[in-house]
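S.K.: Sequence:
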Amino acid sequence: MEAEMAAVMRDSGAFGGLLYVLPPGGDALWLVMVAGAPQEIAAPWRRVALTDPMPVADAVRERRLVWIAGQEDMARRYPRPALVLPYDFALSANSVAAGTVLQGGLVLLWPGDHPPQLSSQERDIIEVGCRRLGNLLQQAADRGDPLLSTEWPRVLPPPAGPAPSPTEAAAVSAFVARLPGGSCGLDMNGRVTFINQAGADLVGADRVGLVGALPWEALPWMDVPQVEDRYRAALISRRAQRFTVLRPPDVWLAFELYPDASGISVRITRSDPASDTPASQSMATAGPSRATVLYHLMHLAATLTEAVGVQDVVEQTADQLLPALGAQGMVLMTAEDDRLKVLGHRGYRAGIVDRYDAIPLSSDIPGSNVLTTGVPDFFANFADLRGAYPLTVHEDGMASWAFLPLIASGRPIGSLLLAYSRPRVFPPGERAVLTSLAGLVGQALDRAHLYDTKHHLARRLQSALLPHTLPRVNGLKVAARYLPAARGLGIGGDFYDLIRLDEHTAGATIGDVQGHNVDAAALMGQVRTAVHAHATVGASPDDVLAGANRLLTDLDPGLFTSCVYVHLDLAAHRACLATAGHPPPLLRHANGQTELLDVPPGLLLGIDPGTLYPTREFPLPPGCVLALYTDGLVEAPGVDLDDATATLAGLLEEADPTDLDAMADTLIRHSPSPGDDIAVLLISTGD
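The sequence shown: position 522 = 522 (the numbering used here), numbered continuously.
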């Protein structure tokens, strides 16, 4: 597997790669191999849900190659990773499969100076490599040797360069010694692999103590965001970087970074602060480095802005915080009617958490003070926890705990428990970091509560306006589907109805009120009622639409409506339809051929009270299927309407006419865009 990964990178010219696997039946990709970059940079994307707005998720879900040409392209199409990695690099993502079976995804990285498009040769190399990796993943699964692991992903070592001869090594050493200033080498993880004496003198540290250390940890005055940020920029863009920083009390130093596949070469010289823009002076802090903190803080903030519901916040918090902070357990809680309510957890057995859910709040419950006071609690060991809560039993197997307040609008709305399997002292700097992170979660949770409430009310309103069940009509089989738009409140103006007129006749209608809000839904209810009322008194299709049109023009709601009404005569096996600016129905004949029932459409309802609506009669023999649908099923930006309608007709032809539910699900699943409401009504006259 490692050899094939290295071959794909070498042949395509990519400097880095991430290999993901998709467990059978899974809904998320898991990172199993990293090359050309340290695992710490890839940590936020160790798990990528198939629904995440990420290039690899789109590539796997849609089985296509996604190409990101550079920083601006990434920012426009995928804001979340662009915010976390604001560097100039190119990226491809492609699905990895064995035959027709998805196995995962492959991400490849190129320097920022890559041409705007992949060459055909590069595409071929990626496609062939993904097929080979897919087959290898399938073989590993067949052997019972899956790559998924609870440990960090495998990290491929950088390609080994040619070993210098003794003569060459001596020449290189002499060459470095002759250069003015200091020279230093960093590996892919940012650790010092070499520093000459001049470099050690300039930074004011011992050479032996620096080797193997991260500069921003070994030298407190280098713990400023710009230092680690420029290291990341050099590593990811593979372009030279430069920064200046103050070595207290008054020595300004310039650092020039030159990256390649094996690491980063650094030149260190004295600098004139008047001619350089320095990095801000740092103060030594305990806990995680501030650059690392800012990295994870920015990633969590970007992720939580896209969380829409409470459970989404729970999942995103667990996915981001646990690997970033090295915690092994998490519980998200709130108070409801003076009782503890567990919103979600990760890393704990359900039995432990369930015992605390819905119990009355009291001072005996660990973390209860956080819910009421908004003041965080940190316990470095169980003795400290027992001292604060004497009745606590040590049953979770953890060694240290942090109870953090979730603050929104200046008040505590819940608490976040982070648990660690190893002892942790929680120095002041780390306490501040954890509290800040919990504040982001609290704000997201408050928004999520509001979203869930609005979403619930919208769904109840939509459910009340659409028919709960369709009437049983002898000789007819029906199936209906409604799918709200992916944006907004999940409520809109699409509607459908089946009206039983007598023993041998029925009416069918479908329509679309302009908009995706409460006003559209309310008008939809009025239009559906008007169509139903005119149909039940025996009006013809043109009169049904004319009557509904007069009602809408009288109401003058400022919204327009498209509609189709079909009168079904089951005894004569004939039908008659009229349309008000609505997509024409499709009729699948018993032999599988599908026909577009085109008729000159009248104006949309609500424009002109005197509009006339032409009609069309057509035979309705046994075994045929009539498909009524709204424009969300065929219209989308950049999609040709005729092509989309032809595709829809093809799906009808291929589907089983005896299973209308499966047919309806197929049509919904192949809709071109979730940006509009979709309604489908399928009617079969049986055999």
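Hints in this document: simulated from the structure, not taken from any laboratory.
Be a bit skeptical, because a hint or two may be false.
Label-pair distances were calculated between CB atoms; the ranges are [claimed, not checked]:
1) V425 x V639: 53 to 63 Å
2) R143 x P360: 33 to 43 Å
3) H670 x N381: 56 to 66 Å
4) G344 x E217: 50 to 60 Å
5) T51 x D187: 48 to 58 Å
6) S363 x Q139: 53 to 63 Å
7) Q139 x T51: 51 to 61 Å
Beta carbons: idealized from backbone N, C-alpha and C, even for Gly.
S.K.: Does each hint hold? Answer for all of them.
M.R.: Hint check:
V425 and V639 have their C-beta atoms about 58 Å apart, which keeps the hinted 53 to 63 Å range intact. Remark: the range hint 33 to 43 Å for R143 to P360 is contradicted by a beta-carbon distance near 53 Å. Distance hint check: the CB atoms of H670 and N381 are about 57 Å apart, consistent with the given range 56 to 66 Å. Checked against the hint of 50 to 60 Å, the pair G344 and E217 fails, with Cβ atoms roughly 34 Å apart.
As the Cβ distance of T51 to D187 is approximately 36 Å, the hint placing it in 48 to 58 Å is violated. In this structure, S363 and Q139 meet the distance hint of 53 to 63 Å, their C-beta atoms being roughly 58 Å apart. With their beta carbons about 29 Å apart, Q139 and T51 fall outside the hinted range of 51 to 61 Å.
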